[in-house]
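2 protein chains.
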Amino acid sequence: MSSLVSSRLHEDIWDNRLLLARLITEVENDTATGRDALEILYPHTGNAYIIGITGAPGVGKSSLVNQLALAFRKGTGKETKPHVGIIAVDPSSPFTGGAILGDRVRMRDLSGDTGIFIRSMAARGAIGGLARTTAQVARLMDAAGFEVILVETVGAGQAEVEIASLAHTTIVVDAPGLGDDIQAIKAGILEIADILVVNKADLPGVENTERALQAMLQLSNHSGRASSAGSSSTPVWEVPVLRTVSNKGEGAFEVMENALAHLHFLRTSNEWEKRQHLRIRDEVENLVMQTMQQHWMKNLPPSALDKSVEALYSRKATPYQTVKDLLKLSGFNFD
Amino acid sequence: MSSLVSSRLHEDIWDNRLLLARLITEVENDTATGRDALEILYPHTGNAYIIGITGAPGVGKSSLVNQLALAFRKGTGKETKPHVGIIAVDPSSPFTGGAILGDRVRMRDLSGDTGIFIRSMAARGAIGGLARTTAQVARLMDAAGFEVILVETVGAGQAEVEIASLAHTTIVVDAPGLGDDIQAIKAGILEIADILVVNKADLPGVENTERALQAMLQLSNHSGRASSAGSSSTPVWEVPVLRTVSNKGEGAFEVMENALAHLHFLRTSNEWEKRQHLRIRDEVENLVMQTMQQHWMKNLPPSALDKSVEALYSRKATPYQTVKDLLKLSGFNFD
Chain A
128 MSSLVSSRLH EDIWDNRLLL ARLITEVEND TATGRDALEI LYPHTGNAYI IGITGAPGVG
188 KSSLVNQLAL AFRKGTGKET KPHVGIIAVD PSSPFTGGAI LGDRVRMRDL SGDTGIFIRS
248 MAARGAIGGL ARTTAQVARL MDAAGFEVIL VETVGAGQAE VEIASLAHTT IVVDAPGLGD
308 DIQAIKAGIL EIADILVVNK ADLPGVENTE RALQAMLQLS NHSGRASSAG SSSTPVWEVP
368 VLRTVSNKGE GAFEVMENAL AHLHFLRTSN EWEKRQHLRI RDEVENLVMQ TMQQHWMKNL
428 PPSALDKSVE ALYSRKATPY QTVKDLLKLS GFNFD
Chain B
128 MSSLVSSRLH EDIWDNRLLL ARLITEVEND TATGRDALEI LYPHTGNAYI IGITGAPGVG
188 KSSLVNQLAL AFRKGTGKET KPHVGIIAVD PSSPFTGGAI LGDRVRMRDL SGDTGIFIRS
248 MAARGAIGGL ARTTAQVARL MDAAGFEVIL VETVGAGQAE VEIASLAHTT IVVDAPGLGD
308 DIQAIKAGIL EIADILVVNK ADLPGVENTE RALQAMLQLS NHSGRASSAG SSSTPVWEVP
368 VLRTVSNKGE GAFEVMENAL AHLHFLRTSN EWEKRQHLRI RDEVENLVMQ TMQQHWMKNL
428 PPSALDKSVE ALYSRKATPY QTVKDLLKLS GFNFD
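Residue numbers (my numbering), protein chains in the order written: chain A, 128 to 462; chain B, 128 to 462.
No wet-lab data here; the hints were simulated from the structure. There may be inaccurate statements among the hints.
Since copy identity is lost for identical chains, a pair holds within one copy or between any two.
Simulated pairs of lysine-lysine, BS3-like, Cα-Cα distance not exceeding 30 Å [unchecked claim]: (1) Lys401 - Lys443; (2) Lys401 - Lys208; (3) Lys401 - Lys425; (4) Lys451 - Lys401; (5) Lys375 - Lys401; (6) Lys425 - Lys201; (7) Lys425 - Lys208; (8) Lys425 - Lys455; (9) Lys401 - Lys455; (10) Lys451 - Lys425; (11) Lys375 - Lys455; (12) Lys451 - Lys375; (13) Lys201 - Lys451; (14) Lys443 - Lys455; (15) Lys375 - Lys425; (16) Lys451 - Lys208; (17) Lys455 - Lys208; (18) Lys401 - Lys434; (19) Lys443 - Lys375.
Only a predicted model underlies this, so the values are computations on that prediction, with no experimental measurement involved.
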């Protein structure tokens with residue numbers, strides 16, 4: 128076991144930024160140290176409130192996230208200020224650059240407040256991998272005493288849906304002037320929203336954007352959520368549509384209040400438990416897949432994969448038969 | 128074996144749209160019939176030229192794809208017109224609606240030409256699943272005699288990168304007025320581009336968009352591609368930046384010519400072989416994962432997963448140990 132990780136790690140990591148940063152790197156690199164840390168810390172997690180913020184490029188998510196972090200720091204009504212962790216995930220940057228640039232810009236806004244910890248992550252490898260690593264990084268922050276964790280994802284695709292699924296509350300951000308294209312905000316993304324925010328609300332066209340969102344909300348209420356709304360005993364969450372001008376700091380406090388109201392809703396309905404169970408199930412399934420894949424690759428004879436690829440390329444083999452053979456070569460017999 | 132699938136399927140499916148459509152559905156539903164069809168047809172594939180078209184929402188990809196299909200139908204210089212297949216993939220719509228709406232709009236533009244076949248696909252399940260299904264649908268079209276296959280993906284995320292990786296030529300579409308946000312077009316997306324298109328080139332700001340793309344291209348040339356550009360014997364592909372106004376039908380012919388030039392480049396360099404090998408390797412690895420997962424789920428005792436999730440939820444178990452136990456329960460011993 129690495130010297131970073133002892134059985135009293137949950138005490139060591141508490142409010143220790145340097146250790147947290149190191150362990151995040153271990154987890155990102157999927158090392159044995161990182162896995163040990165996650166196992167030891169796991170019983171000390173489950174306390175953080177995780178908020179996902181997503182939306183199409185150009186809506187001003189980053190500045191909204193910054194303002195939201197500052198709002199939580201200014202006060203939630205409790206006596207002690209919560210520590211706020213920010214994880215900025217960029218699934219569309221599988222290569223380099225984006226994450227680092229984003230980091231520098233935000234540092235300017237938030238530096239000086241040691242109660243805020245920021246970490247940027249770019250995609251390495253598969254989507255499932257990024258969602259998993261994001262969840263694990265959030266868990267480290269959770270164990271390190273961050274009561275609020277903001278997970279920001281850029282874009283509006285399947286990756287965002289997966290990453291957002293780790294959040295307790297999901298905020299979907301839109302802005303006026305992104306085009307009246309029916310594709311500007313996706314039905315799929317809208318269905319994961321607990322709170323909708325129209326940012327850049329000082330721009331012309333804000334009413335149109337709001338109206339479009341309301342219309343889409345009603346559409347999705349009429350389909351998916353009709354059954355639960357029918358029963359008077361089940362509490363129902365009405366998705367609010369809020370306005371912000373995040374580069375002027377307007378509206379972030381209201382977003383925070385709505386997020387906390389949503390948290391209260393989750394806690395007083397069976398939604399909290401339901402979402403946590405789904406999240407854990409996803410994580411277990413992903414870890415199972417990862418473990419099997421690693422085992423397969425470790426036990427495959429060298430060059431077996433290369434030979435198979437060559438045979439498929441020249442159309443001398445067929446895909447399913449090849450896969451069967453490759454599994455057998457690693458000791459898997461699935462007949 | 129289903130009655131749809133005989134050993135002379137490669138003759139039956141040739142130019143038979145109804146059979147093609149049925150088999151696509153089988154493949155989408157991952158049925159035994161679909162898998163049989165893919166195995167039987169595999170030796171008869173590898174002839175289609177696959178073009179990926181991607182870009183952020185609102186740039187007008189669909190109308191560009193339509194125009195490009197019409198350009199290929201009008202003539203590529205060869206005597207016989209190629210058959211053109213279109214696969215419209217919407218990874219950000221994991222639920223319903225988008226794909227079908229898109230289909231209706233395009234039908235209006237392209238109906239009447241029986242040389243064009245359109246199929247829309249929305250995400251079902253995981254990203255990897257969608258990329259795999261897209262590749263398999265392209266393979267069916269390939270076996271059915273479509274010489275050109277256009278794969279359109281909506282959005283600009285990791286999903287698009289994965290799906291685009293099945294293309295021989297990738298066209299990334301941008302448009303003026305999507306905001307000067309540094310995130311409007313992603314470095315990651317740009318790096319997969321073989322051709323850049325500025326659509327809606329009749330809008331103000333087209334020069335700015337072009338300039339931004341050129342600047343980003345030079346940046347990426349200076350990093351990733353410097354080494355191959357240094358050797359004079361290796362042919363190098365210079366990514367062109369083209370203008371189109373696809374709703375007026377302008378520029379699509381030039382895009383086609385550039386695509387064919389890129390195809391020629393691939394064929395006369397070692398890029399074709401390299402890309403095909405990578406593609407096949409990805410596919411094999413994905414199929415291996417899918418097979419292992421199905422085997423795991425089939426052999427897991429009922430309620431074992433539920434019990435594990437409950438223990439993790441109450442923090443009585445830890446993730447990695449749980450995964451080890453669950454694998455053992457299905458007959459996998461990875462110690």
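Okay, the hints, checked on the actual structure:
In this homomeric assembly, Lys401 and Lys443 come within 30 Å of each other (Cα to Cα) only across copies, at 18 Å, whereas the closest approach inside a single copy is 49 Å. In this assembly of identical chains, the alpha carbons of Lys401 and Lys208 lie at most 30 Å apart only when taken from the same copy (28 Å versus 55 Å across copies). Within a single copy, Lys401 and Lys425 get their C-alpha atoms only as close as 37 Å, which misses the 30 Å cut-off; across copies the closest is 24 Å, which meets it. In this assembly of identical chains, the alpha carbons of Lys451 and Lys401 lie at most 30 Å apart only when taken from different copies (24 Å versus 37 Å within one copy).
In this assembly of identical chains, Lys375 and Lys401 lie within 30 Å of each other by CA distance neither inside one copy nor across copies; the values are 37 Å within and 50 Å between. For the identical chains of this complex, Lys425 and Lys201 are neighbours neither inside a copy (51 Å) nor across copies (52 Å), given an alpha-carbon limit of 30 Å. With identical chains, the CA atoms of Lys425 and Lys208 are never at most 30 Å apart, being 48 Å at best within one copy and 49 Å at best between copies. Taking the shortest alpha-carbon separations for Lys425 and Lys455, both the intra-copy value of 13 Å and the inter-copy value of 18 Å come in at or below 30 Å.
Taking the closest pair of Cα atoms, Lys401 and Lys455 come within 30 Å of each other only across two copies (27 Å); inside a single copy the shortest separation is 39 Å, beyond that limit. Taking the closest pair of Cα atoms, Lys451 and Lys425 come within 30 Å of each other both inside a single copy (17 Å) and across two copies (17 Å). Taking the shortest Cα distances, Lys375 and Lys455 never come within 30 Å of each other, neither inside one copy (61 Å) nor across copies (56 Å). Taking the shortest Cα distances, Lys451 and Lys375 never come within 30 Å of each other, neither inside one copy (59 Å) nor across copies (50 Å).
When the C-alpha separation of Lys201 and Lys451 is checked against a cutoff of 30 Å, the pair qualifies neither within a copy, at 59 Å, nor between copies, at 44 Å. Taking identical chains as interchangeable, the C-alpha atoms of Lys443 and Lys455 lie at most 30 Å apart only when both belong to the same chain, with a minimum of 19 Å there against 36 Å between chains. Taking CA atoms no more than 30 Å apart as the test, Lys375 paired with Lys425 passes in neither setting, with 54 Å inside one copy and 55 Å between copies. Taking the shortest alpha-carbon separations for Lys451 and Lys208, neither the intra-copy value of 56 Å nor the inter-copy value of 39 Å comes in at or below 30 Å.
In this homomeric assembly, Lys455 and Lys208 never come within 30 Å of each other (Cα to Cα): the closest approach is 57 Å inside a single copy and 45 Å across copies. In this assembly of identical chains, the alpha carbons of Lys401 and Lys434 lie at most 30 Å apart only when taken from different copies (14 Å versus 46 Å within one copy). Taking identical chains as interchangeable, the C-alpha atoms of Lys443 and Lys375 are never at most 30 Å apart, the minima being 63 Å within one chain and 46 Å between chains.
Violated hints, in rising order: 5, 6, 7, 11, 12, 13, 15, 16, 17 and 19; the structure is consistent with all others.
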